[in-house]
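Trainee: Assemble the whole structure, with the sequences as input and the hints as a guide.
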Amino acid sequence: MAGLITMDDLSNDEIQSILEDAERLLPVAEGKIYLPLLQGKILGNLFFEPSTRTRMSFETAMKRLGGDVVNLGDVKTSSVVKGETLFDTIQMVDGYTDIIAMRHPRQGAAQYAQDAARVPILNGGDGAGHHPTQTMLDLFTIKQAHGRLDGLKVILAGDLRYGRTVHSLSHALTRFGCELIFASPKLLRMPAEIVEDLTAHGANVVETEDLFSSLEEADVVYMTRIQKERFADEDEYTKVAGAYKLHASNLEGTKEDMIIMHPLPRVDEIHPSVDKTRHARYFEQAFNGVVARMALLCRLLGVKVPEDISPAGGEL
Amino acid sequence: MSQEHNMRRVTAIRNGTVIDHIPSGQAMRVLEMLNMNKTTSVPVSMVMNVPSKKMGTKDIIKVEDRELTQDELNRLALVAPEAHVAIIRAYSVAEKMTIQIGEEVTNVVRCTFSNCITTNPREPLAHRLRVMGREPLVLRCHYCGRPQDLEKLIGNLL
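For the record, the sequence lines run as chains A and B. Read left to right, the first sequence gives residues 1 to 316 (the numbering used here). Read left to right, the second sequence gives residues 1 to 158 (the numbering used here).
Keep in mind that the hints were calculated from the coordinates and are not lab data. Virtual Cβ for every residue (Gly too), placed ideally from N, Cα, C. Take the hints with a grain of salt, since some may be wrong.
[Claimed, not checked] Quick list of the computed label-pair ranges, beta carbon to beta carbon:
1. Asn-250/A to Gly-133/B: 40 to 48 Å
2. Glu-104/B to Arg-118/A: 15 to 23 Å
3. Asp-71/B to Gln-16/A: 51 to 59 Å
4. Gln-91/A to Glu-104/B: 17 to 25 Å
5. Ser-78/A to Gly-133/B: 39 to 47 Å
6. Leu-158/B to Gln-91/A: 19 to 27 Å
7. Asn-37/B to Gly-40/A: 23 to 31 Å
[Claimed, not checked] Just some of the chain B residues that point at chain A, by a computed CB distance under 10 Å:
8. Asn-115
9. Thr-119
10. Arg-122
11. Val-131
12. Pro-136
13. Arg-140
14. Cys-141
15. Cys-144
16. Gly-145
Mentor: Below you can see the structure in the form of structure tokens.
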């Protein structure tokens, strides 16, 4: 069965239809309705590198739908440390589970796992490659705020080179005709092959080092964390990272309905003063990880989300 | 200079394979790609930098008593995409073949990206590069999606 490795695995119609499923599943994600659509199904959580939100939201999503989860656990104590290949690990977990969510430090690992597995693989991040389930929750958050995905002006800021969330998201936004502004330090620019791909697909892309110049026109500002270890020395990091920090005072003159997103964890790039503004959406975004992943789990397991959810389960 | 003149630089072979139209200087790499540089026991003749109407100069390889298969020939797509092959039986051309590049180059080279999952030599699945363009040849790793630098790729022969 096919999984979700990159956003290319979903058509625009499929994306919209999964987002509609997610919308209907909101009361289930909030715990207001119990709807055991995935009872008897088991998710294998294979996280070969650290994850908090992605791993927990997959687990929550599965359990809210009555399914169960088995975890790889700490890589340091698993068979991986003994030198087991990814192929062998997948062969084993494939036999134990109905669907696998995976994060791996090596790029291409998710596609590799899908080629080795019979069950669908949900790519929860492969090196600096893709993170399509994050993109689905990002799209859900954008649609929730703006009521649409098409024709928006989106600033993606910070570490665009290594940030896999922005790679997958920019591909998806391009398909919906959004205008993209990439604001990053030179060292952390969007990889050339991705920019080439996007422009080949008709994207309207502007690359800049200045985060603030187009803030007033933006519908979405997507911030990412600039990591210290990407820089040769700390002075350079401090100088560069300082130019990609949002404070509430920067938001004057921005559009009323502009939203600020962040895949989290944040460090200093969004000042806490922003949290209380109407623009802040990053905590809702993190919650949306549950509902978007619920809809994806149902879709990939071939379970239809009912049109009318309330009578099916019964309120808690 | 005529084709016949080029061919006469080495003796005609009775049975075997002639690989013609190899870009100048690539003959050694071609032998390497066919795994004939170390392990072969059949006679191999090679001429390098001979004049060619089509290419300016070219290399030619003659392998005696061995007929290359289409699969073996397709391995040469990376270094000699224009190569022509003639299978020789009893001193005459019995068959002609050209390189056919399919949708994928499989198990010929390893992806050049240092963080690709396929860099672990113990991972057993096939090394697969997707053909994105033919002229010039553009390849991307099936797994990590990275575009491949052909020069670097030749250093990653399997």
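Trainee: Taking the hints in turn, state whether each one holds.
Mentor: Results for each hint:
1. Asn-250/A to Gly-133/B: 40 to 48 Å: holds, 44 Å
2. Glu-104/B to Arg-118/A: 15 to 23 Å: holds, 22 Å
3. Asp-71/B to Gln-16/A: 51 to 59 Å: Once the Cβ atoms are compared, 44 Å apart, the range 51 to 59 Å for Gln-16/A and Asp-71/B is violated.
4. Gln-91/A to Glu-104/B: 17 to 25 Å: holds, 23 Å
5. Ser-78/A to Gly-133/B: 39 to 47 Å: holds, 41 Å
6. Leu-158/B to Gln-91/A: 19 to 27 Å: holds, 23 Å
7. Asn-37/B to Gly-40/A: 23 to 31 Å: violated, 57 Å
8. Asn-115: Given a least distance of 5 Å, the restraint on Asn-115/B holds.
9. Thr-119: Where the cut-off is 10 Å and the nearest Cβ of chain A is about 8 Å from Thr-119/B, the hint holds.
10. Arg-122: Holds, because the Cβ-Cβ distance from Arg-122/B to chain A comes to roughly 5 Å (cut-off 10 Å).
11. Val-131: violated, 16 Å
12. Pro-136: With a minimum Cβ separation of about 15 Å from chain A (threshold 10 Å), the hint on Pro-136/B is violated.
13. Arg-140: holds, 9 Å
14. Cys-141: Constraint on Cys-141/B satisfied, holds at 6 Å.
15. Cys-144: This hint holds: Cys-144/B lies near chain A, its Cβ roughly 3 Å from the closest one there, short of 10 Å.
16. Gly-145: holds, 7 Å
Hint compliance for this structure: hints 3, 7, 11 and 12 are not met, and every other hint is.
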